[in-house]
Amino acid sequence: MPRIVVDVMPKPEILDPQGKAIVGALPRLGFTSFSAVRQGKRFELTVDGEVTEAILTQAREAAETLLSNPVIEDVVNVEVVEA
Amino acid sequence: MTELPLIGGAPVAVEPQLSGAKIGVVTFPGTLDDRDAARAVRLAGGTAVALWHADTHLADVDAVIIPGGFSYGDYLRAGAISRFAPLMSRIIDAANSDAKLPVLGICNGFQILTESHLLPGSMIKNDHLKFLCRDQVLRVENNNTFWTSDYEAGEEITVPLKNQDGQYIADDKTLDALEAEGRVVFRYVGWNPNGSRRDIAGISNAAGNVVGLMPHPEHAVEPGFGPESNAGTDGLGFFTSVLNKIVGGAQ
Chain A
1 MPRIVVDVMP KPEILDPQGK AIVGALPRLG FTSFSAVRQG KRFELTVDGE VTEAILTQAR
61 EAAETLLSNP VIEDVVNVEV VEA
Chain B
1 MTELPLIGGA PVAVEPQLSG AKIGVVTFPG TLDDRDAARA VRLAGGTAVA LWHADTHLAD
61 VDAVIIPGGF SYGDYLRAGA ISRFAPLMSR IIDAANSDAK LPVLGICNGF QILTESHLLP
121 GSMIKNDHLK FLCRDQVLRV ENNNTFWTSD YEAGEEITVP LKNQDGQYIA DDKTLDALEA
181 EGRVVFRYVG WNPNGSRRDI AGISNAAGNV VGLMPHPEHA VEPGFGPESN AGTDGLGFFT
241 SVLNKIVGGA Q
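Going down the list, the protein sequences come from chains A and B.
In terms of our numbering, the first sequence opens at residue 1 and continues consecutively.
In terms of our numbering, the second sequence opens at residue 1 and continues consecutively.
Bound conformation, chain B alone (with noise of 0.2 Å):
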């Protein structure tokens, strides 16, 4: 299916061999952003599958997007009920299998990921109390993670960022560890917006297959949608990273 823009302006140019590889996009009771992750798959050139937290299966994706949103209203903490659907077995096992599935979790699908022992760390309050929606500079520390090889290595990005619970934290043996192998994959640039260690945006697993991040990359894969910076389509690179991963690791 082509996405057609929603204001003036040519479709983003993809590459129809693509559409062949789908991804699945988790929706919680409480997801907000399922649908803008769809479409960032679809505007990448990709095919999205719609998955429900209660599936028992993984429908054949080629890999998973945990959407942001307040998954059950944030209740107990941020994803902590969302971590134990049934769906989230599957994903859990299936990320840490040797396939590999590639895992992306943004925001509310970070902490999910938190909670799901596939990411270390935890997300708490921000350091200022507040929610807070504003554009978000971010530095592209790793790009040999699946969600981020279509970015340069130091690349600047600039994509929303909203949330409240964006404090990342991880006792200092963590936060060593994960800078030593190099799973710091994305910082905050200029301002640390929340009070995470070290300006943590967004980390890996070992495998680079799970990534989790706070902001949002999939609300700038469209020109006049996005932040004002560089056509505000900076995001579109996660998802177009993962198909060309999946489509190149299947020829």
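Bound conformation, chain A alone (with noise of 0.2 Å):
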């Protein structure tokens, strides 16, 4: 079954509390060579079929509408993976 998948990531701007809070976790564990780190989310989206143009769209404008919010968020990436 074919996926979309849709990453989003904190806009660059904007300072990502957890991200901090991770790279502040890392030199304890031995891990010195991260100066930064951001978080951000993977969406999976599954399609029972074939993923068309028209289903793309759907998927781009679900990631803007609810999966993003645009004042905080920025959608980096679209994409169809085959299962």
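Possibly wrong hints are sitting among the right ones.
Unchecked claim - Below 27 Å or equal to it, Euclidean Cα-Cα: the simulated DSS-like pairs (lysine-lysine) are: (1) A:20 / B:130; (2) A:20 / B:173; (3) B:22 / A:20; (4) A:11 / B:173; (5) B:130 / B:22; (6) B:162 / A:41; (7) B:100 / B:130; (8) B:100 / A:11; (9) A:20 / A:41; (10) B:173 / B:100; (11) A:41 / A:11; (12) A:41 / B:130.
Because the hints were derived from the structure by calculation, they are not lab data.
With the hints as a guide, dock the two chains, each given alone in a separate frame, to form the complex.
As structure tokens, then:
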């Protein structure tokens, strides 16, 4: 079953408190090479059947209206992944 | 219906003519503070009407409160799923209409109002990442809204604050516009408890009928239960403000 993957990230100008907490925890585990972390969200939308252009358009609309909040987040990727 | 005080002390004196004003209180799956909000309406002298998120009509209420809680478990983003409830479409239309339905969003209700675009900006996780529950001092920056007219401009009130996603953010252009138009209704005093831009605790729309804030006035309406300062009833003014506005407007 094909899936449409939608990736959402906090906008670059917005401080990501969760990412900040993660970058603080990494060195405590010995991971010292990472200077910043930003945490986003990945959605997987399963499609029963073929992913048509119309379905992909719906996915992009859903990404902009429900899956992300344009005030604080950007949709950075919408792509089809075959199962 | 007269609300009896839970502990000693006289009930809050209310004006009988206010009881004709009906204030809807919306319940979503995961709402917590609907009972307290309805009780606050009754203590202020009004009539509370329970509204369900799946309702498709507003039951002729004169105003609406969207109470706090964790609707849909804050899944996706706080308020993001509730925003698309059938009743929210009615509320958005009525708030934007010429009738200017008064709408108050408290905490999760504020988050729902920003997700609905009735109010600008958004809320993200507190800058210190912790859930916080405390008595919070606020300054009433604008007493010309439907929900703040019983306060003095510049008055400081103390009400409970309890949230995890309480950091109000918007871009500088939006913040400058809010300030210029007097739409910053409440600011945190003494300490910014969540990193909110410009210490903003609550804002309104341009018409002043829609107000949202993170702290909880409905938990500070009854002597003996609210914060210890000022008898703990500093939140009552929200509810008397809108009731007086409704009753006054109908005369």
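Now the hints, each set against the structure:
With a CA separation close to 13 Å, the supplied pair residue 20 of chain A and residue 130 of chain B stays within the 27 Å bound. Between residue 20 of chain A and residue 173 of chain B the CA atoms are separated by roughly 25 Å; this keeps the pair inside 27 Å, and the hint holds. This hinted pair does not check out: residue 22 of chain B and residue 20 of chain A have alpha carbons roughly 46 Å apart, beyond 27 Å. Straight-line distance between C-alpha atoms of residue 11 of chain A and residue 173 of chain B comes to about 16 Å, which keeps the hinted pair within the 27 Å bound.
The straight-line distance between the Cα atoms of residue 130 of chain B and residue 22 of chain B is roughly 37 Å, outside the 27 Å bound, and the hint therefore fails. Proximity of residue 162 of chain B to residue 41 of chain A is assessed by CA-CA distance (about 26 Å); at most 27 Å being required, the pair is judged to hold. With a C-alpha separation of about 36 Å, the suggested pairing of residue 100 of chain B with residue 130 of chain B is violated against the 27 Å cut-off. Only pairs whose Cα atoms come within 27 Å are accepted, and residue 100 of chain B paired with residue 11 of chain A is rejected, the gap being roughly 33 Å.
Note on residue 20 of chain A and residue 41 of chain A: the hinted pairing holds, with a Cα-Cα distance of about 16 Å set against a maximum of 27 Å. A hinted pair counts as satisfied when its Cα atoms are at most 27 Å apart, and residue 173 of chain B with residue 100 of chain B qualifies at roughly 26 Å. With a C-alpha separation of about 12 Å, the suggested pair residue 41 of chain A and residue 11 of chain A falls inside the 27 Å cut-off, and the hint holds. With a CA separation close to 21 Å, the supplied pair residue 41 of chain A and residue 130 of chain B stays within the 27 Å bound.
In this structure, the earlier hints numbered 3, 5, 7, 8 are contradicted, and the remaining ones agree with it.
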